[in-house]
Amino acid sequence: MSMNALLDEFKNIAESPKKQLDGYKKQGKKAIGVLPYYAPEELVYAAGMVPFGMWGSNKKTISRAKEYCATFYCTIAQLALEMLLDGTMDDLDGIITPTICDTLRPMSQNFRVSMGEKMPVIFLAHPQNRFDSFGLQFCVDQYAHVKKELEKITGKEITNDDIQNAIKVYNESRAARRRFVTLASEHCDVITPTKRSAVLKASWFMLKDEYTVKLNELNEELAKLPVCDWKGTKVVTSGIICDNPSLLAAFEENHIAIAADDVAHESRAFRVDVPEDSDGLKALAQQFANIDYEVLLYDPESSKNRRGEFVANLVKESGAQGLVLFMQQFCDPEEMEYPYLKKALDAAHIPHIKLGIDQQMRDFGQARTAIQAFADVLEMSK
Amino acid sequence: MSATYTLGIDVGSTASKCIILKDGSEIIAKSLIDVGAGTSGPQRAIDAVLEAAQMTREQMAYILATGYGRNSLMELADKQMSELSCHAKGASFLFPEVHTVIDIGGQDVKVLHIENGTMTNFQMNDKCAAGTGRFLDVMARVLEVKVEDLGRLGAMSEKTVGISSTCTVFAESEVISQLAMGTDKCDIINGIHHSVAHRVTGLAHRIGVVPQVVMTGGVAQNAGVVNALCEELGTEIKTSPLTQYNGALGAALFAWQAANRAR
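Which chain is which? The protein sequence lines are A and B, in order. Take 1 as the starting number for the first sequence in my numbering and just add one per residue. Take 1001 as the starting number for the second sequence in my numbering and just add one per residue.
Chain A with its partners taken away, still in its complex shape (with noise of 0.2 Å):
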């Protein structure tokens, strides 16, 4: 297939989840909703189901979710429940809600009251103390429990060579959308923003081994370019997500190259490998206690402003000029880490700007005179 067949099928998917799904139930598939994040996909997969990604939407407007919401909940949340009240992902056969930040806690209750008999609702907590053997062990015995409720889905056993296997198709997939983020930075010219953005988001709506192969086939014909002249300027982009195609347009219109990411939709969510280990629900367990530099994840070393100064450095090492935080309306993690991000930022003379979004916004003309205003910034300072 050629490069730009495969970047439109990555398009069309990442545009239209709905027919994906619609495609997989009429292969006879169960499919489960993943809400985020860290959810162990893996177990998803090890039972022979579709587990599928549910960030909101770009193109909903919330109405039946607020009958359930608090307005100060983020929209990603809103907006998928949304998507399971009217009807849009009525396909599903389940749901898994980790319950990381302050909002999606409560909302797991929201979803479970809200579904009903209409679907299971499978709750998951992950521990805040993730490192010492008792957080390990409280991790391990949480998917033990999500293993349970989707076998009772599934109908069949999980076993552990069923999830030995599926970490390695999950383990191959992260080192494949790793080396994407690499030839994406070397060939901005050819992977725009927009572009980018759509291959990595077409990931939570296929099954790994599926979208494996097409990545690789992409990475390959990258690979045989040569590596731009980029006259432009590149930036590392942060934040919870930012895959809304018309606010991505304003990086191409104005020569802004994504560098590297550190987005928790994109890099944040296959940073990490699982390591190997005998027991398939520990090796999980062990995945999720190596993730660092985390906004969502507690940091018993927080004081040190580790993370501020690991996203610095992704900026200075990746090459960027600056930095483009896309902070979500209603996001207590991320409002309260940016202080120590923009202390750790100016401190390494790092410049950038921080883009107030939502899912429901439709108009960027701000958004647009700031990433203008930022890149006239970065093309001065060059």
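Heads up, none of these hints are tricks.
In silico SDA-like cross-links for lysine to any residue, where the CA-CA straight-line distance does not exceed 25 Å: (1) A:60 x A:70; (2) B:1079 x A:252; (3) A:343 x B:1209; (4) A:316 x B:1207; (5) A:342 x B:1207; (6) B:1185 x B:1137; (7) B:1079 x B:1054.
It is worth saying that the hints were derived from the structure and are not from the lab.
Once you have looked at the hints, place chain B on chain A.
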């Protein structure tokens, strides 16, 4: 050698402004139409400035558009630039010692940090009308006064009434409550000016306020807001009679640079 004329147009949310510059240094003509993006304002402003200069479009070496509606002039203008860069340029032209520009426009607030005439950092308000020109429009309507009279009326105040700086809708309710209690309008207006100043001060301190401070945009014509900001920031604030034209002036200056590069 013949002179080079450039045109800068600033299509804001509430007004369209044009400036024609001769050789990047002399203002030949200016125009202002009280409607902005999405209206006949931009075209009327261009027609008016060309008429005032007794020149034609063809005599302009370069036209540069800025402001919220800049992208609606893709066919007419040679280039579009963000109003932040243009305000920085215009303010640096009018006040060469400037380090901080506070621009309060119709629907947003921007604070720019300038080094050697170049913008090096900036902050914009969140998607909220509080602290903007629109905030003052809403309050003037509730108070049944003209927005251009707010500065004069506020100066007659003897005390400041506390008005919320968080939200235009809440602030409007507070103003209505104050009117119902019989509070003097001039005192309420003084409170409104301080409300705007509180909001803008918070934004300004995010990037740091380094003198010389210059205020641009239509709201800079309101002495009440300027004085309240001086108090809040604890520093003198410069303004210019050309304050409303500052974005257009910056656009015309960038246009002159572009015209020279093209030669």
